[in-house]
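Q: Chains as they are written, first to last, in our numbering: chain U, 1 to 309; chain R, 1001 to 1298.
I should point out that these hints are in silico values taken from the structure, not numbers from a laboratory.
It is possible that some hints are incorrect.
Think about it this way: if two alpha-carbon atoms lie no more than 20 Å apart in a straight line, the pair counts; the simulated SDA-like pairs of lysine to any residue are [as the list claims (entries may be wrong)]: (1) U:198 to R:1283; (2) R:1222 to U:79; (3) U:150 to U:93.
Residues on chain U that point at chain R, a partial pick, calculated with CB under 7 Å [as the list claims (entries may be wrong)]: (4) 15; (5) 16; (6) 19; (7) 23; (8) 52; (9) 97; (10) 100; (11) 116; (12) 206; (13) 276; (14) 280.
Cβ atoms here follow ideal geometry from the backbone N, Cα and C, with glycine treated the same way.
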Amino acid sequence: MTKIEKWTVLAILIIIALIPVYGSRFFVFLFTDILIFGLFALSLNLLLGYTGLVSFGHAAYFGIGAYTCALLIKKAGIDFMLSLLAAGLFGAVGALLIGFFCVRLTKIYFAMLTLAFSQIIWAIAFKWNALTGGDNGIMGIDFPPYLDSKVKFFYFVLVVFTTSLIILRTIVNSPFGRVLVAIRENPARTEFIGINVKRFQLLAFIISGFFASVSGGLFCMFNHSVFPSFCNWSMSAEVLIMALLGGIYNFFGPVIGAGLLLYLRMESTSFTAYWPLILGTILCLLLFFFPGGIAGFVQDRFQKWRAAK
Amino acid sequence: MSYDLPFITIQILTGLTNAMFIFLIASGLSVIFGVQGIINFAHGSFYMLGAYMTHQCVSLFIHSPHRFWAAVVLAPVVVALFGGLIERFLLRRLYGREELTQLLFTYALVLILGDVIRIFWGIEQFSVSRPPVLKGAVEIFGQFFPKYNIFILIMGPCVAFLFWFFMLRTRWGRMIRAAAQDRETLNALGVNVNRLFTVVFILGTWLAALGGALVAPATSIKPGMDIDVIITAFVVVVIGGLGSFWGTFLGSIIVGIVYSLGILVFPRLSIVFIYVIMILVLIIRPWGLLGRPLTLER
C-alpha cells in the first residue's frame, strides 16, 4: 500500500468514526448499513476480484450468518458477540461444504452451482417454519445490554469492519493472496508450477464465507430481525453490483460501491417507489461506460494525469 | 387426501401441463445460451411482458370472439421485436466483454422491465378469460381436468416439433447450429453472424413471450411472475444441458413432474427437490443430462 493510500484510508476511517459527533442520526444509521454491506462486498470480492470466481450465491453465507446469530440469541440465549463469532464459523463450515463441490467446476458452471446451493439455503429459510419462522422470519432481536444504543452499535460495527478490513488486506497481500491472483490470471499455468488450484480456491471460498457470515450476523442485529430475503438470489445480485460499481480490481472498491448504492437507495426511496428502475439504469451506465467501476475509473484518470505530468 | 390412481393421474397431467409452459420459456433461454453464450436473466421479463401484452390485446379486441387467438399471435411478435431492438442496439455492444458483463446487463433489464411494467399496468392482477372452445373441463377417471390444459399438452410438443424441425431441417436452423459450434468460421464463410444473433435473440424472446401468452388464461398476471419463472427455467436448462434442445424438453418434464408429485409427498420441500436435482446434475454431469461437455475453449 502506498503512503498516500494509507493516510487516505486512515483519514476516511476517522471521519466515519466522528459521524456520531457531528452527523445526524440518519447518517449514523446509513453508515452502519454501509459498513455492514461494505464488509459483505469485500468478502465477495476476495472471490470475484482476487480469485476470479464469480459466485452468484453469496447471499447464502450472509443468510447463514444472520440466521445463526438470530437463532443463537433468540432460542439459546447466547450472548451477541459469541453468536457473531459462531455465525462466522458456521458460515465458514457452510462455505467448506458448498465450496468443496463448487471449486470442481469452472466459470459459468461454478456460478450456477453456487446459485443452486444458495437457493437451497433460501428454501430452508423460507419453508422450515418451525426453525426459521418461514416467511415471517425471526423478529425482536434486541441489542445486548452493553450495546444499548444505535451509536454504540455503530462503533461496534466500525471496529468489526476495520479489523476485518485489516485481516483481508493482509491476506490479499500475503503470498497466499498472490497465488489467488495468479489463479485468476491463469489457472492452468498456476497448476503447472505445482500449486493445488482447487485447494487454494476452496480456502478463498471459506475465508470469504466467514466474513460474509459475520456481516450477515451484524445485519441481523442491525435490523433486529432476519428474513428469507437475506439469502435470496436478488441479495446475491445486489452485493455483486455493489462490488462491480465500486470496482473489483481495487481492494477498497467494493466498499465504495456499497456506500454509493445504499446512499442512493435511501435518497431515492424518499421520492420514488421505483428503486429497481434506478438500480437497473445505474447498472447499465456502469456496464456501458465505466467497466472498471468507480475505483477503476478514478485509478485510470489518476494514472493518466500522472503520465501527463 | 387420497392417493388413488385417478388422483395421481390428474396430478401427473397437471405436472405435464406445467412442464409444457416451462418448456416454452426454457427452450428460448437454452437456444440463446447455446448460440450466444449469454445467460439471459431478462428472459423471464419477456415472458411477463408477453402475458401483459396478451391481456392488453385481449382488451383491445374485446368485441371479437377470437380475441384470445389474435392476442396469442400478436403479443409474442410485438415482444419479440422489442427483444430484437434491445439485442441490436444494447446487448450487441457488450459482445466480446466478460460473461459477467452480459449477464449483469440482462439482470439490469429484469430490474428495468419489471418497473416499467409496474408503471404501465400498475400492481393490480389481471386475468385473461379462456377462449370459448376451451372453457370447461373433461372427465378423466371420474376427475375433472380443464380443457385448456389439454390444449397446452398438445401445443407443447407441437411447438417442440416445429422448433426442432426449424433447427435441423432449415437453412437458418443449420446456420444457428453452426454459430453455436464456431462463430468465427461461420463468419469467415460469409454468414452475417451479427444478424444471425439478432434473429436468435428474437426467436428466443418470441418463445418466452409465447409462453407468457399461453399461460395468461391459466394464471393471474401480476408483478413478480418474471422472477418466479426465470429461476425455474434456469434449473430446467441446467438439468437438461445448456444449449441442448431435447435436454430442455426432458428437463421441463422432470421439473414439472417432480414439482407436482413432490407437493403430494412433502408439500413444503417440493421446491428443495428441484434444486437438489440441479445440484446433483451439476456435480455429476455439469453439462446436463443430454448436453455435450464443452471441450473447446471459446
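Q: If a hint holds in the structure, say so; if it does not, say that too.
A: Right, here's what the structure says about each hint:
no.: 1; hint: U:198 to R:1283; result: holds, 15 Å
no.: 2; hint: R:1222 to U:79; result: violated, 44 Å
no.: 3; hint: U:150 to U:93; result: violated, 31 Å
no.: 4; hint: 15; result: violated, 31 Å
no.: 5; hint: 16; result: violated, 29 Å
no.: 6; hint: 19; result: violated, 30 Å
no.: 7; hint: 23; result: violated, 31 Å
no.: 8; hint: 52; result: violated, 10 Å
no.: 9; hint: 97; result: violated, 12 Å
no.: 10; hint: 100; result: violated, 10 Å
no.: 11; hint: 116; result: holds, 5 Å
no.: 12; hint: 206; result: violated, 19 Å
no.: 13; hint: 276; result: holds, 4 Å
no.: 14; hint: 280; result: holds, 3 Å
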